[in-house]
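K.L.:
So you can see what is in the structure, the chains are spelled out below.
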Amino acid sequence: MSVREAAPLTARAPVTRTSARDRRRRGGQWWVPWLFLAPALVLFLYFKFIPMARAVSMSVQEVRPYLGNTWVGGANYAEILSSDGFRSAAWNTVVLAVGQTFGSMVLGFGLALLVEGQTRKLTFIRSAAFLPVVVPLAVTAELWRIMYHPTGDGLMNQVIGLIGLGPSGFINDPHTSLASIAVTGIWRGAPYDMMIFLAGLAGIDRGLYEAATVDGASTWRRIVHVTLPGLRPVFAILFVLAAVRGFRTFTEVFLLTNGGPNGSTEVVMTLIYKLGLEQSRLGVGSAGAVLLFAATLVLTVCVQLLRRRRSA
Amino acid sequence: MSAATETALGLTESKGVGARVAKFVIYAGLFVVFAGPLLALLVGSFSHVSDPTQLSVVPNRPTLGNFRIAFDHGVLRYLLNSFFVVGFGLLLQVAVSVLAGYALARKVFPLMTLVLVAILATMMLPEEILALPLTLVLADLPVLHLNLMGTLAGMIVPLGAWAFSILVMTEFMKDVPRELEEAARIDGAGELRIFAQIILPLCKPALGVIGVFGFTMIWDQYLLPLLVAQNSSSYTLPLALRTLRIDQAVTPGVVLAASLLALLPSVLVFLFFQRSFARGLTSGALKG
Chain A
1 MSVREAAPLT
11 ARAPVTRTSA
21 RDRRRRGGQW
31 WVPWLFLAPA
41 LVLFLYFKFI
51 PMARAVSMSV
61 QEVRPYLGNT
71 WVGGANYAEI
81 LSSDGFRSAA
91 WNTVVLAVGQ
101 TFGSMVLGFG
111 LALLVEGQTR
121 KLTFIRSAAF
131 LPVVVPLAVT
141 AELWRIMYHP
151 TGDGLMNQVI
161 GLIGLGPSGF
171 INDPHTSLAS
181 IAVTGIWRGA
191 PYDMMIFLAG
201 LAGIDRGLYE
211 AATVDGASTW
221 RRIVHVTLPG
231 LRPVFAILFV
241 LAAVRGFRTF
251 TEVFLLTNGG
261 PNGSTEVVMT
271 LIYKLGLEQS
281 RLGVGSAGAV
291 LLFAATLVLT
301 VCVQLLRRRR
311 SA
Chain B
1 MSAATETALG
11 LTESKGVGAR
21 VAKFVIYAGL
31 FVVFAGPLLA
41 LLVGSFSHVS
51 DPTQLSVVPN
61 RPTLGNFRIA
71 FDHGVLRYLL
81 NSFFVVGFGL
91 LLQVAVSVLA
101 GYALARKVFP
111 LMTLVLVAIL
121 ATMMLPEEIL
131 ALPLTLVLAD
141 LPVLHLNLMG
151 TLAGMIVPLG
161 AWAFSILVMT
171 EFMKDVPREL
181 EEAARIDGAG
191 ELRIFAQIIL
201 PLCKPALGVI
211 GVFGFTMIWD
221 QYLLPLLVAQ
231 NSSSYTLPLA
241 LRTLRIDQAV
251 TPGVVLAASL
261 LALLPSVLVF
271 LFFQRSFARG
281 LTSGALKG
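Chains A and B supply the protein sequences, listed in that same order.
Just so you know, we're using this note's numbering here: the first sequence kicks off at 1 and counts up by one.
Just so you know, we're using this note's numbering here: the second sequence kicks off at 1 and counts up by one.
Honestly, the hints are just simulated from the structure, not real lab data.
Among the clues, some could well be false.
Selected chain A positions facing chain B (Cβ under 8 Å, derived; list incomplete) [as the list claims (entries may be wrong)]: (1) P51; (2) A129; (3) L131.
Anything over 12 Å on all C-beta distances counts as not near chain B; from chain A, calculated [as the list claims (entries may be wrong)]: (4) G68; (5) W71; (6) G74; (7) Y77; (8) A78; (9) L81; (10) D84; (11) Q118; (12) P150; (13) G164; (14) D173; (15) T176; (16) G260; (17) G263; (18) L305; (19) L306.
Simulated DEER-style distance windows between Cβ atoms [what the hints assert, rightly or not]: (20) T119(A) with L144(B): 34 to 44 Å; (21) D72(B) with G164(A): 41 to 51 Å; (22) P174(A) with V143(B): 46 to 56 Å; (23) V21(B) with G164(A): 45 to 55 Å; (24) V106(A) with E182(B): 48 to 58 Å.
All C-beta atoms in this analysis are idealised placements derived from N, C-alpha and C, irrespective of residue type, glycine included.
Given only the sequences and the hints, what does the whole structure look like? Please build it.
P.N.:
Okay, here's the thing in structure tokens:
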């Protein structure tokens with residue numbers, strides 16, 4: 001039944017025309033918006049909020065299928081925080097997130113400056129450079145796995161051979177494995193950052209460039225004094241997005257190295273996956289997940305606060 | 001040079017042979033770095049690549065054999081699974097976002113701020129972090145007591161509500177003039193009619209945006225299908241790539257052929273809907 005049909009039934013008889021119309025203008029019956037929101041709210045409840053609540057409750061319990069869970073308080077947290085595996089995974093996660101974030105942002109900024117402009121040639125280059133972003137992560141990982149073939153005639157080894165380096169073991173060598181994953185991440189992340197920077201560059205007042213040129217400013221000074229200040233909000237947003245993306249890294253690592261060799265690329269997410277699904281230690285795994293969530297939250301809130309203070 | 005085309009580096013202004021050569025080298029370099037690996041993938045999937053060291057951008061004895069072998073290993077099945085998941089997932093996601101966006105943009109109701117905050121909060125809850133408890137929820141849905149593990153539905157339903165799509169829809173629907181709605185109401189149009197015949201048709205560009213982003217997001221899913229699939233019959237194509245690679249009888253050429261099939265749909269969607277894509281990137285990142 002539509003709302004229009006329902007309205008006369010529920011309205012009291014001596015209702016005047018104007019009050020009925022007033023109510024409709026305010027949006028009809030009170031439950032109408034909830035009806036429209038219901039599918040989204042139910043799905044969010046089931047697949048976001050209930051899992052989150054379960055994660056928190058499991059993190060303070062020993063999870064024993066069929067036997068019932070028992071309350072263990074902070075024991076799971078104590079265990080995971082004191083384990084060397086988690087600490088090195090957390091360190092690797094931070095290194096990978098920082099490396100990918102800064103690598104992608106610096107490269108993306110440089111790319112954006114290079115391909116800024118209106119000509120058709122540039123549109124083509126921009127699209128080509130953007131392709132890595134839309135390639136599924138699983139494909140990216142398998143492709144780079146093949147390119148990182150550790151012998152001298154592997155593709156990447158041939159490429160770095162051109163400038164007199166290598167051959168490198170890449171993902172097979174504990175010394176270079178994390179950096180190799182970061183390079184793959186930067187390859188995928190930089191074009192994304194480039195697009196966001198381009199959108200930001202489009203919003204910069206062109207007159208400022210002209211004024212700077214008239215004043216005799218070099219290209220370098222134009223970038224430092226006009227472009228960078230204009231892009232400040234973009235940097236802040238990209239930083240949060242990239243850092244959160246870095247913290248939750250799973251697929252690339254899972255497919256490229258699965259944490260190896262020798263745990264040199266184990267990140268928090270691959271560790272949680274192993275704890276939860278291979279060792280069935282759901283309580284400890286959940287404690288790790290809650291810690292990861294807390295780190296993400298703290299980072300986001302900090303950056304938001306910094307932004308607000310600066311713009312105020 | 002007019003002020004409108006002035007850029008930070010002023011590259012478009014630079015003329016002369018030296019500058020042109022420099023520009024060409026820079027752009028060629030960009031192309032090689034970002035499109036090169038994908039070109040190698042394309043060429044490799046049509047070449048005899050029996051060893052990872054044979055990967056190159058120069059075709060090596062062209063063949064369609066890689067695809068034949070890939071299909072022998074069930075790639076068609078995985079591809080159909082992927083299309084099923086992305087088809088129904090996108091349908092659900094668009095329907096949910098459009099309905100929620102309508103309520104949030106066109107109505108004022110108590111607790112609205114709370115609902116908005118809750119939706120924004122889900123953006124800070126990456127599905128990766130919820131992975132473990134999500135498997136438990138999917139194995140026994142609260143109240144309904146359904147088990148979605150091992151089913152394609154289990155890979156679809158959790159993607160139904162996506163905060164990004166809802167917010168894009170909300171922002172867009174806010175811009176539809178009130179007068180149109182008022183006029184329709186005076187003409188006696190009901191709530192559903194106003195939604196379906198007045199507001200929705202005016203939001204086609206936003207539908208493009210959430211459609212393109214939803215498609216690439218669902219097509220790129222890895223962890224969720226990995227958790228839900230219990231045997232290879234419900235694998236999606238991205239998931240099957242690893243299985244193919246581990247198979248000793250399969251050459252890298254076959255993995256590349258399957259990879260090409262796995263990346264083609266999202267690349268095509270991107271190339272066809274570039275404008276929607278650009279709009280979504282900026283609205284998602286700069287407004288949010």
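K.L.:
Could you check the structure against the hints above and give me the numbers of any it violates, in ascending order?
P.N.:
11, 12, 20, 23
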